[in-house]
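Those sequence lines, one after another, are chains A and B. Residue numbering for the first sequence follows my numbering, beginning at 1 and increasing consecutively. Residue numbering for the second sequence follows my numbering, beginning at 114 and increasing consecutively.
FYI, nobody ran anything at the bench for these hints, they're computed from the structure. Using N, Cα and C, we set each Cβ at its ideal position, and we do this for glycine too. Do not take every clue at face value.
[Claimed, not checked] Computed footprint of chain B on chain A; a stretch qualifies when at least three of its residues, placed anywhere within it, have a C-beta under 8 Å from a C-beta of chain B:
id, region
1, 14–25
2, 73–86
[As the list claims (entries may be wrong)] So these bits of chain B aren't anywhere near chain A, every CB distance computed over 10 Å:
id, residue
3, His145
4, Gly165
5, Ser176
6, Lys180
7, Gly217
[Said to hold, decoys possible] What follows is a set of in silico ranges between Cβ atoms, one per label pair, in the way DEER data are often shown:
id, chain 1, residue 1, chain 2, residue 2, range
8, B, Thr189, A, Asn59, 33 to 43 Å
9, B, His170, A, Gly97, 13 to 23 Å
10, A, Arg15, B, Gly128, 44 to 54 Å
11, A, Glu82, B, Val132, 23 to 33 Å
12, A, Ser65, B, Thr223, 16 to 26 Å
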Amino acid sequence: KAGVTQTPRYLIKTRGQQVTLSCSPISGHRSVSWYQQTPGQGLQFLFEYFSETQRNKGNFPGRFSGRQFSNSRSEMNVSTLELGDSALYLCASSRRGSYNEQFFGPGTRLTVL
Amino acid sequence: QQPVQSPQAVILREGEDAVINCSSSKALYSVHWYRQKHGEAPVFLMILLKGGEQKGHEKISASFNEKKQQSSLYLTASQLSYSGTYFCGTEESDSWGKLQFGAGTQVVVTP
Chain A
1 KAGVTQTPRY
11 LIKTRGQQVT
21 LSCSPISGHR
31 SVSWYQQTPG
41 QGLQFLFEYF
51 SETQRNKGNF
61 PGRFSGRQFS
71 NSRSEMNVST
81 LELGDSALYL
91 CASSRRGSYN
101 EQFFGPGTRL
111 TVL
Chain B
114 QQPVQSPQAV
124 ILREGEDAVI
134 NCSSSKALYS
144 VHWYRQKHGE
154 APVFLMILLK
164 GGEQKGHEKI
174 SASFNEKKQQ
184 SSLYLTASQL
194 SYSGTYFCGT
204 EESDSWGKLQ
214 FGAGTQVVVT
224 P
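Model the full structure from these sequences, guided by the hints.
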């Protein structure tokens, strides 16, 4: 069974630009969650999508947005990039049943210069 | 609200035991445990639900005290492969699906 895939794996952008990250969940998983991981802040929850609807949201500014498509694939967009947005962005998929264990993708390493 | 994990780090010799703790001030639906090795994604270890149900890897042991909203992960007879950073994640009862992680516990197992 294929795992969670994320593209691209690495990105370098400059301040003020925008970026779109993609996540394909495990087949049969309809929930996709996004996390930002930095050495200083750890793993921070960004948002969760299920059935093309945002179900939960973390404490991030509106520059961070996402969406989910009918095939459960998800994209995350960050506009007007800031230096502090440099991080590893992880997505995780789950079945969103009683047991909501998350299966993580390899992440996208974003560097903002 | 993010859970609080302790200790921040622990160094073990192979065969020794350790306990990692996770606590929340909120009523929880579930507690998750993940391990992340350097340069890799977090990997699911165990989930514990309020009510006592749990699911996870056979060799992993954990507990969840619902009254105190505390969970503990037990590393027994540690092996070199247990090294990594352990994260607990919590789902609060009123925001199911939103998993918030603790700061992590770095575990180093030495020969």
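Taking the hints in turn, this is what the structure says about them:
Counting residues of the region 14–25 of chain A whose CB lies closer than 8 Å to any CB of chain B gives 0, which falls below the minimum of 3, so the coverage claim is violated. A stretch counts as covered by a chain when three or more of its residues have a beta carbon under 8 Å from one of that chain; for the region 73–86 of chain A and chain B the count is 0, and the coverage is violated. Non-interface status of His145 of chain B relative to chain A is broken: a Cβ of that chain comes within 10 Å, the nearest being about 7 Å off. Residue placement check: Gly165 of chain B keeps its beta carbon more than 10 Å from all beta carbons of chain A (closest about 12 Å).
Separation of Ser176 of chain B from chain A is adequate, the least Cβ-Cβ distance of about 17 Å exceeding the 10 Å criterion. Distance check on Lys180 of chain B: its Cβ is at least 21 Å (rounded) from any Cβ of chain A, clearing the 10 Å threshold; non-interface status holds. In this structure Gly217 of chain B is not separated from chain A by more than 10 Å, as the shortest Cβ-Cβ distance comes to only about 6 Å. The hinted window of 33 to 43 Å between Thr189 of chain B and Asn59 of chain A holds, with their beta carbons roughly 36 Å apart.
At about 18 Å, the beta-carbon gap between His170 of chain B and Gly97 of chain A stays in the expected band of 13 to 23 Å. Hint check: Arg15 of chain A to Gly128 of chain B, Cβ distance near 50 Å, so the stated range 44 to 54 Å holds. Distance hint check: the CB atoms of Glu82 of chain A and Val132 of chain B are about 39 Å apart, inconsistent with the given range 23 to 33 Å. Judged by the Cβ atoms, the range 16 to 26 Å given for Ser65 of chain A and Thr223 of chain B is violated: they are separated by roughly 45 Å.
Going through the hint list in order, the structure does not satisfy hints 1, 2, 3, 7, 11 and 12.
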